[in-house]
Every structure is written in structure tokens, then in C-alpha cells.
Amino acid sequence: MNLMDTLYSFLPDVLTAEGFAGIADEAAGVVFLIMLAVTVAGGIIACNSERLVRAVAGLAVCFVGVAAIYYFLNSPFVAMMQILIYIGAVCITIAFAIMLAAPEDNKKPGPAGPLSGPLGVITAGLVTFGMVGLAIKTQFPAMPKLNMGSVKLIGVQLLTSYSMVFELVSIVLLIAILGSLVIARHGRSK
Amino acid sequence: MGAYFSEIFYGLQSLVIGLGITFKEFFKPVVTVSYPFETIKMSDRYRGHIELVEDEEGNAKCISCGMCQRACPSGSISLASKSVEYEVEVKGEMKTKKKKVLVKYDLNFTTCSLCGQCVESCSVGAIEFSKEYNLASFNKEDFHFDLLNRLKERNS
Amino acid sequence: MDLTIFNAIIAVVIAIAFAAANAAYLVLAERRGAGRIQRRPGPNVNLFGILQPPCDGIKLMTKQLVIPGGADKALFMVAPVLAMAPAIMSFVTIPFSDTIVAHSMDVGVLMIFAFASFGGMAILLAGWGSRNKYGVMASVRAVSQNISYEVPMLITVITIVMMTGSLNLHELASAQSGGFWNWNIFPVSLKDGFMLQPLMPVSFLIFFICSLAETNRAPFDLGEAESELVAGFHTEYGSMGFGLFFMGEYANIVIGASLITILFLGGWGCPFGLFPGVWWFLLKIYLLIFSFIWIRWTFPRTTIYGLLNLSWKILIPISLFNLLLTAGLLKVF
Amino acid sequence: MSILNLHNSLTTYLVLAAILFGMGIYGLVTRKTLVGMLIASELVLVAASINIMAFNRFTAPDPSIGQIFTLFIMAVAAAEAAIGLSITIAVYRNYKSVDTEDLVDLNG
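Chains as they are written, first to last, in the working numbering: chain A, 1 to 190; chain B, 1001 to 1156; chain C, 2001 to 2333; chain D, 3001 to 3108.
In short, the hints are calculated from the structure, not lab data. Heads up, some of the hints might be wrong.
Stated by the list, open to error - Cβ-to-Cβ under 10 Å is the rule here; a few derived chain B residues that face chain C: (1) Tyr1004; (2) Leu1012; (3) Gly1018; (4) Phe1023; (5) Glu1025; (6) Phe1027; (7) Lys1028.
These figures come from a predicted structure and were not determined experimentally. The beta-carbon is built from N, C-alpha and C at its ideal position, and this holds for glycine as well.
Please work from the sequences and hints to get the whole structure.
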């Protein structure tokens, strides 16, 4: 490992193991800030963009940021599922909806009604303000952790304590598939 | 149900047969030639532009009769000749004879349609098809061939 | 020697460089393979065409990036990056040998599939963003193909994960170390005692077909069907935009081959348990890539209905049946 | 508290969730196409998920429960997107438009 040692000596302190331990937390903080910005920017594009395809792209960007935030919350499994389900399935489904049903050529510009813009800002602002206020003011007592919430534990609990919910969700998904088939195929043969 | 599985089975079988064929081809030698670096010999029946045939002394075999010029439907051939006198021994005494000698044989390849009438009409077999196929140029003057000159260059 | 952050960075850089080099030189391999199968030499100037990929790269980079008039500029520019970056980042979690892995994740399999799902989004944005009806049609086709083939692929992966009990690629591969009698591809495994997995070869076939379809390779290249859709979703792309799509496709091929190797063929293990190491891994993935190329130049393109029928009527029922069978056998033995 | 230490505080995540929730509400109010509303409702769902995950990480004794709950939300969101797509297509087939202004049969 002489080569490695030589390479080490040329590195700035930040990149070596000892140097990095000092700044690892700061680096994580910087990444977290970037991901916050990505999430919020994606959300703004998703709810404001005139073109719906851009809104879906913004939604996908937002979901990437949210997946990174889940990763920061000690749950890489949920982060990966977030990308797999939301970007791989939900976003693509919505994009299909746009292609099949919303040709942008005959789109009428402008907001939904004369009052909807200000009304939307006021409603959303009030809701956000209230929730932010609650979040900052309230003290949430932390309880001691019983376990680390590993993937294995999620699987075990999904099939023991929460097996009823698991079955219910599978029934919901089945009904959703059948229902969407029935609705979308209705009147197709004409 | 049986049809379902037999369809899958026969489908897979046909796929494997196809893969086998291409796998065998993979190890056979290549049949194409990497053209600018190596070329192949043209077949005897290839028709390039025409070329003069030489006799034993290296001169053109042509007797300047003009049959080819007349036979050419698009008028691509123009030839000129002059008459020279030469002495030949006939029955023990010298006689002076005249004969035509080719001085110019031009082929305008831009109008030539490679029909081969000139070769057909030549009674002494003085013209033939060349095997030349590397012909490309930006100027049409490059396709006015001076065949006599080409013959000389070939001999030198 | 434990993995310090310095080693991790070097490993990530090497993984990305490996992906890029493979993407460049697999094009050459593909063209030479196609040539041999059609009995012509392929690119062979300068020592078997070794300079062909750099020349292609320089050519692509120096071309002008033309953006069509009606196109959605932002989406048009973002789509190629979205197609390539996740594919290359997936290399970070692939273990090339017992020690050579950039970042071993507990949910490695999931990460690769999550990143692969970006591909569909990229194709949709490319097709829609370039405002070209061929592009839109091709992207709808390609995405419906990707979604339908993700289902049997994931069911097959679940079968393997169930047998091993881990989502970590490293553990999935090392569980099969020892020799070919431990590999998942064979119907009988001697891993812990005697284990019967009668449909595993079929599962391998299903996974192989799905990885062909997921990477949009022939005979499933409906997304870029030249005969009917010009060039599919990248019709309007020139220069490096096209180059990025191309690199993404070849990086995806290497990832597909690596996944097959790890899940079914014992990763870096030798067939007879001798000298396990990175060379066996590379040998296996290049054999698989050769078979990808071989298949591409053997079979003609399928129709879109044939493609979707194959997935929903044949691959999904069989893979579901295999999942049930394996679960039952695991419970019994 | 340093700005680089934000990821260790529960409040950050709650504020982010509130902002995303507000964006979702704004989108639901101002959008006038069905697809746009579907996109906005996804934002609302994601905001709820972030809240659950944040509490799960910082206060809950058993961190796997929140993850399970988030997985269920994802399943429901996927079902919702599928049904939303089919409803949008059915509406488009009947009205030749997905603008909420045109879907006014009960307007009198």
C-alpha cells in the first residue's frame, strides 16, 4: 500500500480520513441544504408552471429531493421506494395522462378565475403560516428508541403487526386497477 | 393450455436455431474486402471504358478504319489518322505502300453509355474494355480520355 | 484496510471511469461483432479500430447542438443528462469483487432499480420535449415497454432476494460463492444442504429477456424503431445530446450484465471455487454482453403488441408461479 | 444553531413539509386542469409523508412504523394516480377537454 500512502501525501487534508471526520457533518449539512433547495424548487415548478409537462418534470425533481431527505431521516429503504414508485410510476402515469388527454395547443391561458390567483396565495399562505408556527412553537418530546428501524424489521412488522393493513392496501390497489380499467375502457369500443 | 406451452416451446426452439446459425457465421472468414487497401480483380466480362489493344511492337493495333466512330450511337469517339508510306518486299522487289497510322484517339466518357458497339464493330480486335473502375472527379474534362496517350503511358 | 473516505472517492471515480470507458468501447465491440456475424470485418483501421471511439467522441462533441424551433428547451436539454447520469451512478453500488466496491449499500438492488426508473422519465421528456410526433410516439412505446418489463424483472429479483434474505448486492453474490453448484441459475442448489429450485433456469431466462427489454436493445428496440419512427425518441437530437443517450444505453447494458452475474451466476466466484476475483466477474459480464450483441444481430425487431403480450401473458405468469413455488419450497425444506 | 446543522432538527423537516403542503394547496386552488390538480395533490401527499417520516426519526420509539406508514401512503398515491389518469381520460372522451371550466353540466 505504498502507492496509497504516496497518494495520501498529495491530498488536501479535507479528503483524508482524519481530515474528513472533522468536516463530515458540515459536508452533510451542505448536501442537505442543496437537497432542500432542490425540493422547494421542484415544488414551485410543479405548482406554477404553465406547461403541464414541465410541471411533471418539476414534480419529479421535487421527489428526488424528498428521497434525499428520507435518506437523511435514516431510512434509505423508503428513499429508494420513493424514487421507484413516485418517479418510476406516478410521474410517468401523469405524463401519460397529459399526452393522452391534454393537448397543449387548445389550452386557454390565464388563471382559473379572476379571484383564484390571490385566493390561492392567501389560502396556501394561511395554511403554511399556521403549520410553520405550530412546528416552531410546539415542543415535541422525544422518546427513547427501541430499535434502528432496519429493512428486516419493516418486513417483519409488515407481515405480523400490520398484516391487516397490508392486506387492505393490496385490496385497495386491486380495486384501483380494476376500477381504472373499467372507467378508462368504458365507451372505447365505439 | 397445451397450445400455450407448446407455442412457448417452439418459439424458444426457433430462437435457439437462429442463434446457432449466427454463431456459426461468426467464426467463418470474412467475405468482404477492405476496399481502399485491397482490391479484387474484375471479372473478364466487366465493362469499363474502352482501351486500345497493342500489337507485338507496342503500337496500337488500330488500322484507323473509323468503324467504331461510326458505330458509336452517342458520338463519343473521335479519331484522326495520317497516311505514311513504307516499303515492303513483294516477290523480290521493293514496293512503296501507303498505310494509315493513328495519331489521335479521343474518348468522351461523359457521353459513353458502355453499350459496346465499338468493340463489336472493330474488325481487327483493336479495342477492348478496360477493367478500370476507380473513376471519380469533380471536373468533366477528366473524362475526356486520350487513349493513345494512355497506351503510351502503359508501355513506358 | 478499512474503506476511508479517500478510498471511497477513488472507487467512485474508478466506477464512473469504468462506465464511460465501457460505453465508448462497447460501441466498437458491437460494431465488430455485428461485422463478424454478417461476415465482414467491421471497423479495423489502426489496430482493430482502437481509435474509433475517441474519434466518434470528438466528432460528437464538436458538432452543433441544434434545438428544434417548437421544442421545449429546458426539457430538451435535461432529458439526455437524466438518461445517462443515473445509469452511471448505479455503478457505485455494484461489487466487482469481494473487496472492490465503491459504496456497499444495504438496499443496493433497490437502488439500481430506482435509478433505472429514471430512464423512462428521461425518454418521455426527450420525446415530448422535442415536439416531434415520431418522438412522442416512440417515447410512449418505449415507456410502456419499460413499465411492462419492470414487473417480471422485479418479481424475479424478489424470488432471489427471498432465497438469500438480503437486498445487499455483495451478500447476494457472496451467498453463491464456492462453485457453480451454489449458483442460483441451477435448479438444484447445494448452498445449505440440499435445496430445490426447479424453475430457476426459467427465471434466469426471464431476467435476461427483461434486461434486454429494459435497455431498449434489439429485438425489443421499439423506442428507436428506425424503419417506422425515424430514430425514435432521439430523432431531434444531434451532437452530444445523442452521445449522452448512447452512453446511457451502453452503461445500462453493463449494469444489466452485472446484475445478471450477481443474481444468477455467482458474481466474482469461479465455477470451480478457484481464485475468486474481479477477473471472473469481468469475464462473466463480457460473455453476457457478447450474447446481448449476438442476439441483437440475430433476431428481427418484434411488433409492439407481440412485445407487450410476451410480458403480460407469458413472463409475468411464469415468474409469479416461480415466486409461489420458491416460497413453498423454502417453507417445506 | 448553525445553518449546516439543520438536518438534525425536527423543525426543519416540519417547515419543509408545511411549505410543500402550501404549494399543493395553492396548486389545487389555482390550477384549472384536472391533471394539474392531480400534480398538486401529489405534493400534498408528499408533504404528509415527510411529516410522518420526520416524527418517526426524531420522536417515535419504534422507527419502523413510520416507514411502513409512508410505504402505505405511496401505495395509495400510486392507486390515486392510476384512477386519476383513467378519470381524466374518461372526462376527455366525453367533453373533449380537461379544463374544469368546461365540465359544468350542473351549472343550470
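A quick look at each hint next to the structure:
| no. | hint | verdict |
| --- | --- | --- |
| 1 | Tyr1004 | 8 Å, holds |
| 2 | Leu1012 | 8 Å, holds |
| 3 | Gly1018 | 5 Å, holds |
| 4 | Phe1023 | 7 Å, holds |
| 5 | Glu1025 | 6 Å, holds |
| 6 | Phe1027 | 8 Å, holds |
| 7 | Lys1028 | 6 Å, holds |
The earlier numbered hints are all upheld by this structure, with none contradicted.
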